[in-house]
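J.: Residue numbers (the UniProt record's numbering), protein chains in the order written: chain A, 1 to 1003; chain B, 1 to 107; chain C, 1 to 189.
Mixed in with the good hints there might be a few duds.
[To be verified] Using 30 Å as the maximum straight-line C-alpha spacing, the simulated BS3-like pairs for lysine-lysine come out as follows: (1) B/97 - A/428; (2) A/889 - B/27; (3) A/887 - B/27; (4) C/9 - A/839; (5) A/895 - B/27; (6) A/152 - A/428; (7) A/698 - C/85; (8) A/684 - B/27; (9) C/85 - A/612; (10) B/27 - A/888; (11) A/75 - A/612.
[To be verified] Examples of chain A residues lying across from chain B (beta carbon under 8 Å, computed): (12) 450; (13) 488; (14) 751; (15) 895.
[Unchecked claim] Computed footprint of chain B on chain C, listed as stretches where at least three residues anywhere in the stretch have a Cβ under 8 Å from a Cβ of chain B: (16) 64–71; (17) 130–143.
Because the hints were derived from the structure by calculation, they are not lab data.
Backbone N, C-alpha and C define an ideal beta-carbon position, used for all residues, glycine too.
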Amino acid sequence: MSTRLKSGGRLIDRSRKIGFTFNGKRLQGYEGDSLAAALLANDQVLMGRSFKYHRPRGVVASGVEEPNALMGIGKDHRFEPNQRATLQELYDGLVSESQNHWPTLDADIGAVNMLMSRFFPAGFYYKTFMAPRAAWKHLFEPVIRKAAGLGKAPEVADADRYEYFYAYTDVLVIGAGMAGLKAAREAAEAGARVLLIEQTAHIGGRLLTDPVEIDGQSSDAWLEAERAALAAMDNVTIRTRMMGAGVYDHGYITAYERVADHVAAPDAPRHRLWRIRADRVITATGAIERPLSFAGNDVPGVMLAAAVRDYVALWGVSPGDRTVIVTNNDDAYRTAIALKQAGLEVPVILDARPAAIGALPRQARELGIRVEVGKGIASVKGGKRVKAVEICAQAGEGSTLETVECDAVAMSGGWSPVVHLWSHCGGKLRWDDAMAHFAPDADRPPTGHDGQGFVIAAGSAMGHLNAAAAMEDAQAAGRRAAAEAGFTPSEGAAPSVNVEDEEPLEAVWMMPAGAGPKLRAKAFLDYQNDVKVADVHLAAQEGFESVEHTKRYTTLGMATDQGKLSNINGLAVLADSLGAPIPAVGTTTFRPPYVPISMGSIAGEARGAIFKPLRKTPMDAWHDANGAHWEPVSDWRRPYTFLRSGESVEQAVTREIKNTRTNVGLLDASTLGKILVKGPDAGKFLDLIYTNMMSTLKVGRCRYGLMCTENGFLFDDGVVVRTGEDEFLCHTTSGGSDGVHAWMEEWLQTEWWDMQVYTANVTEQFAQVAVVGPKARHVLEALGGTDVSKEALSFMGFIDGELGGIPARIHRISFSGELSYEIAVPASYGQAFWDALMKAGEPHGIMPYGTEALHVMRAEKGFIMIGDETDGTVTPHDLALSWAVSKKKEDFIGKRAMERADLTRDNRKQLVGLATEDPATVLPDGAHAVEGKNVYGDPHTIGHVTSTYFSPTLERSIAMALIEGGSQRMGQTLSFPVSADKTIKATVVDPVFFDKDGERQNV
Amino acid sequence: MLKLTCPNCGVTGEETEFHPGGEAHLKRFGPGSSDDEFRDYLFQRVNPRGVHFERWRHQYGCGKWFHAARCTQTLEVFGTYTAQTSEIPQNIIDAIKSRRPDWEPEA
Amino acid sequence: MSDPVTGLKGAHFTGDISVTDAGLIGMISIRGDFNAPAFRNAVAAVTGHAVPETRAISGDATGGLAWMSPDELLYFCSYAEAPSKADALSDQLTGTHHMVAVISDARAVFRLSGAGVRDVLAKGAPVDLDPARMGAGEIRRTRLGQVAVAFWFAERDVVELVCFRSVAGFVMDWFEVTAHAGSEVGFHG
């Protein structure tokens, strides 16, 4: 059984007991435990079920590479699935549950999948679920969805906070093991700003489990001295629980800080996603041990050899009482020695090599441990946990020589450097045949903004698995990084590291070498996705030669561990099947993040109220308090209508329109863009920007203008006000102010930089209110301060003055056809001005109105709206606005394009008004008009509805549409099929539905 | 994600502060140009694998446009320079040639 | 006449740092040719500040002059005197190509204070905030999360930050999340 040892466990505090639950069962651990360690301490070896076959699975590893022990952690608003038990630090009250089983972990119905496994070969889904098509929706998909997937998705909103953090440093060191600490120290001593990050809660890396002697002292003493030295330096920051997630262009690195995953109910944000810019990055990310591929290598209790001694050394937990070691290298002997020293039994070490003559095997033998060379495991016996192993000759086909009872197996297939971060941004790898692994190719690093390599791999991440070599390499890496970042590193020899020499490993990709199909079908490569050696063989047989294709066909390495354990073994098996050398087959692409990160951290703080910027006008609070039914208009929110109690939205809109047309209405128009254009060449410049002539506008007057792109298509419109001889104020649409301002600046800076023109976006300087309706003048007169009579302020004129004591620019312009004043006051007076208007207008029946009333009233007048009547393919001519396109000007943006053949066609889609045959029927927005048949025999679309409303003023429906050759279709009746059995008929009419002669505003 | 230095304000900022503006040194063709000239001005872009001249605006900074010489393959930035020029400055050409000896500016 | 109000309406928040509405502040955008003596003299005469070097700010939001771009300055004065200062600038600059625009109402000004102020800004601004690289006297225009801002250090742990008026509430909400008590980072000394 797995159990807590009487002593040992350097990370736990035995005086502090912690209670937690697993699948509802109350268990106890110690402070400092990982969830995986605490479960093992409670003899909970079975930790989950596999994804495809629902095989029982236990923990394999002790760190980020863990493929099996995925848990749902937390509950309700703090529940998150698929968390690695090896990374989850224990806290009081932690709630955990295993995944991928039904009804219970112990008795799972899906396990029948394994009995069917010969029917679930590689590419099963591709091969099986081809036809019939209907079966997908009703049969295949529902079944697959129920069976597939890892943990349950959370059902309620996440209670935690998340955030980003931008950090700049000269040298970023990822990994605070021996190499990372040494490299950081070297770079820091040279004067560089150093940020050292460590994914676990502890610095020290493998030294915590596998101590060595450094400069004659214990590695613990060395670690403490390094930690203290770094902590004392102002230019060094050390952060733990922070994982280097991704390396991107130009020294950009994301790092994932798990700020509060180890706390029950944190005050702090749960995760913080760091966005780091570093001149140089040192990846001291260590190496990951590889499993061996033998039948039953996934039975709970089969673990990586180094993980087994981690559990003993770090948490005082023994994975089993009798542990068989199986290896192809010397390092795994350390596990045998550690177990023996902890008083546990090691019945045998199976070494696949023909001889084991190194220092570590010698030590093991001296401890009395039986060592069998040239041997391996034919098969592991046991279901929910290991019961025995059958020993065979590694060279043979797997005949059992002996059965050894045990309850755990510690396996080691050698080590692979963690090259992920090196590779993310293009760093290349080289195959090291002696070590049987890929390591960074120092001559081909990822390059930065200056074309120079910016990532340096150090220590075992560089392939230096010997601690003495790793120390030297790390020192050199730290110095090089500092030098390349512009600092002067010190010189001198690296600390001497006294560590046992190891004999070479022997690559073992299948155990035994001659294993037949039966054993290969039980030898797992990818534990999480249940990919076996047999699957990769099959893929190779079926012609999958590219490792990338094999990956997708078999799903090898596509699980949430992204093949940290399986990739090298998998591609070695593929290479073997193809008869090609491993480097010729190559690796799949390493992509960020290194370990899955939370969606919350990716969103950062941008949730809820600050999901995206919301722009508010100065009168926003008043609107909100007075029934505003909001509508988003670009980033602004604007009242669609002001609801009164008991009213529907439609009733409110109708009331607002009728009141505005009868009495007086008030519109918050502050969102309209306002751009100041000033300079000796301002008129000349605006003549180029607008399609119509602006230089002839008289001071004190307003003119409606259109702006086109170079393609000749309309993209913004608005009223231009000439405020001075060399100064104009250009109004834009609400959504267009930033874009139009940028557009003007782009032309001024990049094309016409000789022009003397300055612009300023003054949109938000002003609160703008439209006072609209027959009684508008009475309201302004009641406020007093400026003569707004017909004589003093004629249509399309403006005056600078004041109203009710507030400085105001009063424009007489109209978007509704009514007598209308648009008044701009300093934004800080906006609410006061609004209040004054409401008060002064009370005797006149003043009411605020929203954007929908605005839309209906402009449509009644046939005024176009950018974004309704335009979609980026519409010219002013298409909209019958040719009057606003100058024929006199030599040039303006869009003029040349309007001469292109396609823009002069007479059957272009052109603006028309529509009157439905039934006045009560309102056409749906976007409804298509059809006529005849197209080449496919389907109805031919000749255009679509762009604006459509019920007009309370005219008491009938009105609409505008863009119709092929529309200008020649006056009086025609068009068909709008709106559903299978309903077609609306409408007649083409003049789009100006109301007050065609403009008498209402001319008062 | 790129790191660029705005020649107008001197800030070295990350890509999110900037707004890309496509190929630089395009010659505008307006009224009087042929259909082919106008088509090329509107739509034809060089899209090279290698050295590319492009326009950027320091959108969240000083608001000014500038030009950058950049390798589209390695993302190496050879230099940034003023937008108020129709010619590639000699120091930029030199910087590119020091890194890409075989490269020649287009005639 | 009614009293003017800021976009923030006096809002304040205290978490890891303190965030307050700096109140009504006069702001004038001035554009012109920085190399022209006439421009430099006019600006100095009216504002009392010499044209600052690139990305520099002279003074602060209670009275100061900031470099915004190679042809744009931002002048800070009292809210009440902004229109007359703008008129004075226009008068002095008559005959030279220039633009003077009062934008006091178009912006919101925050005052941030507390030892963690650099860390809080670093949650949204992609800027090297190491005190050795971003100190007093420099104005940095950048983004804070998703919105444009400019900020500078008025004192050691005091930052003044300007954003557009329409997003003032959004920025305050942003600080309430990122400076929520217990969110300290401890990166910037």
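J.: Any hints this thing doesn't respect? Which numbers, in order?
T.: Failing hints, ascending: 6, 9 and 13.
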